[in-house]
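Enquirer: Protein chains in written order, with the numbering used here: chain A, 1 to 223; chain B, 1 to 235.
One thing to keep in mind: the hints can contain errors.
Unchecked claim - BS3-like cross-link-like pairs, simulated, lysine-lysine; straight-line CA separation at most 25 Å: (1) LYS57/B to LYS64/A; (2) LYS64/A to LYS107/A; (3) LYS50/B to LYS110/B; (4) LYS102/A to LYS56/B; (5) LYS66/B to LYS54/A; (6) LYS107/A to LYS147/B; (7) LYS107/A to LYS27/A; (8) LYS50/B to LYS102/A; (9) LYS214/A to LYS125/A; (10) LYS107/A to LYS56/B; (11) LYS110/B to LYS54/A; (12) LYS184/B to LYS57/B; (13) LYS152/B to LYS107/A; (14) LYS57/B to LYS125/A; (15) LYS107/A to LYS44/B; (16) LYS227/B to LYS102/A; (17) LYS66/B to LYS102/A; (18) LYS187/A to LYS107/A; (19) LYS107/A to LYS57/B.
Since the hints were made in silico from the structure, they are not lab data.
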Amino acid sequence: MAEKEVKLFGMWASPFALRVEWALKLKGIEYEYVNEDIPFNKSEELLRLNPVTKKIPVLVHNGKPLAESLVILEYIDDTWTEGYSIMPEDPYDRAQARFWAKFADDKCVSATYAVFTSFGEAQQKLLQEARDAFQTLEQALSGKQFFGGDQIGYLDLAIGWFAFWMPIFEEIKNLSVVDNENAPLLKEWFARILDVDMIKTSLPPRDKICELSKQFLSGQIKR
Amino acid sequence: MAGSGNSEVKLLGAWASPYVARARIALNLKEVQYEFLEEQFGTKSELLLKSNPVYKKIPVLIHDDKPICESMIIVQYIDEVWVSSGPALMPADTYDRALHRFWAVYIDDKFVPALFGMMRAPTEEAKAEAKEQALASLQLLEEAFGKISKGKPFFGGDTIGYLDIALGAFLGWIKAFEEMNGFKLLDAAKTPLLCAWAENFCNNEVAGAVIPETTKLVELAKVMQAKFKSAPPAN
Numbered sequence: 001m002a003e004k005e006v007k008l009f010g011m012w013a014s015p016f017a018l019r020v021e022w023a024l025k026l027k028g029i030e031y032e033y034v035n036e037d038i039p040f041n042k043s044e045e046l047l048r049l050n051p052v053t054k055k056i057p058v059l060v061h062n063g064k065p066l067a068e069s070l071v072i073l074e075y076i077d078d079t080w081t082e083g084y085s086i087m088p089e090d091p092y093d094r095a096q097a098r099f100w101a102k103f104a105d106d107k108c109v110s111a112t113y114a115v116f117t118s119f120g121e122a123q124q125k126l127l128q129e130a131r132d133a134f135q136t137l138e139q140a141l142s143g144k145q146f147f148g149g150d151q152i153g154y155l156d157l158a159i160g161w162f163a164f165w166m167p168i169f170e171e172i173k174n175l176s177v178v179d180n181e182n183a184p185l186l187k188e189w190f191a192r193i194l195d196v197d198m199i200k201t202s203l204p205p206r207d208k209i210c211e212l213s214k215q216f217l218s219g220q221i222k223r
Numbered sequence: 001m002a003g004s005g006n007s008e009v010k011l012l013g014a015w016a017s018p019y020v021a022r023a024r025i026a027l028n029l030k031e032v033q034y035e036f037l038e039e040q041f042g043t044k045s046e047l048l049l050k051s052n053p054v055y056k057k058i059p060v061l062i063h064d065d066k067p068i069c070e071s072m073i074i075v076q077y078i079d080e081v082w083v084s085s086g087p088a089l090m091p092a093d094t095y096d097r098a099l100h101r102f103w104a105v106y107i108d109d110k111f112v113p114a115l116f117g118m119m120r121a122p123t124e125e126a127k128a129e130a131k132e133q134a135l136a137s138l139q140l141l142e143e144a145f146g147k148i149s150k151g152k153p154f155f156g157g158d159t160i161g162y163l164d165i166a167l168g169a170f171l172g173w174i175k176a177f178e179e180m181n182g183f184k185l186l187d188a189a190k191t192p193l194l195c196a197w198a199e200n201f202c203n204n205e206v207a208g209a210v211i212p213e214t215t216k217l218v219e220l221a222k223v224m225q226a227k228f229k230s231a232p233p234a235n
């Protein structure tokens, strides 16, 4: 497929934009990255390209914009059919991958946000809920090296950001959400995915993410 | 790969669920033979709890004893498995495919909660907010329809596609709410394209037949509202 212009509107600290970058890199697609000043100073262009949700990431390919990171991942795999295969081939495996990615976004993200922005007794209850959510998510690994099998795939790209961000949150708040007690295999996968060359070389700077996370978790900056 | 006997494909569902309707419409469009197992309102069967331990919700498609959950994931699965039966549900063009997926997510995130919010919201103020949100979402979907359908009767073009199913399965409940609340959600003045689309969808022999009768849904809504007021909130 002839490659024309590919532009990604993202934000350096956004895990959802990172998902898309990972997919583009896996496919070897050249792209222009536009860093948006989220949330207070979104560009005119972003608002024009994504008037519906006004969020990043937005991928623009041949002038046509797309939003929703998981939708973009599938678009990338559907469109650049040569090279790395992101989605599983078997329809049942595809359904499972989509199910768990949705579970992660629906349950794990909100559970993470809730536990790290709460206090006291409420936090204890939310902590158990978050631990349970990640314990459930671990099921999708079912003895494989990666969610995608021997290589990383759609689900690894979708939830890989937890491997980087979770330890940072845990350190800041002195809480343990993913550990050897509730999700040992997931914890192993955290280490394994951060060791993948492409992933390793495309993570945002840890110290800056720590700083930003501290502000975010203390309510100084909003989602 | 395609199922031939009745026992290979089962669908756990309930007659009134629009999420279940999505799965049924897809199965019917693809002419799949399946066994429909009706869950009783208020209880969850052993099979449901075993097949969908994560969410414990319907619909669940069980194909060769393997469960698939989440309505739009089920629709895509059906399209991918029964690929040579009936027209494709996903568009051929990958950008159009992505648009179908994007708007299906939008429907589930913004429109559906607003639609049911109009019935379940605890205060008049919250109900009014839900109504505003529902109308605003439909306005955006009207614009989207204009762009995606390219002058054809459905989001999928000449035939019913993924996004048609995502929204069309809710037409029974949309009509029920219109009747119960005395105003139009799909208004010929504001959303003329969607009104025409809704008629085409309901007139479609295969898809239209799955949508429950408005009167039955209204009756059910009244029963549910009464229960909701008298009982503590349950899942």
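Enquirer: Just pull the numbers of the violated hints for me, sorted ascending.
Expert: 1, 2, 3, 5, 6, 7, 12, 13 and 16
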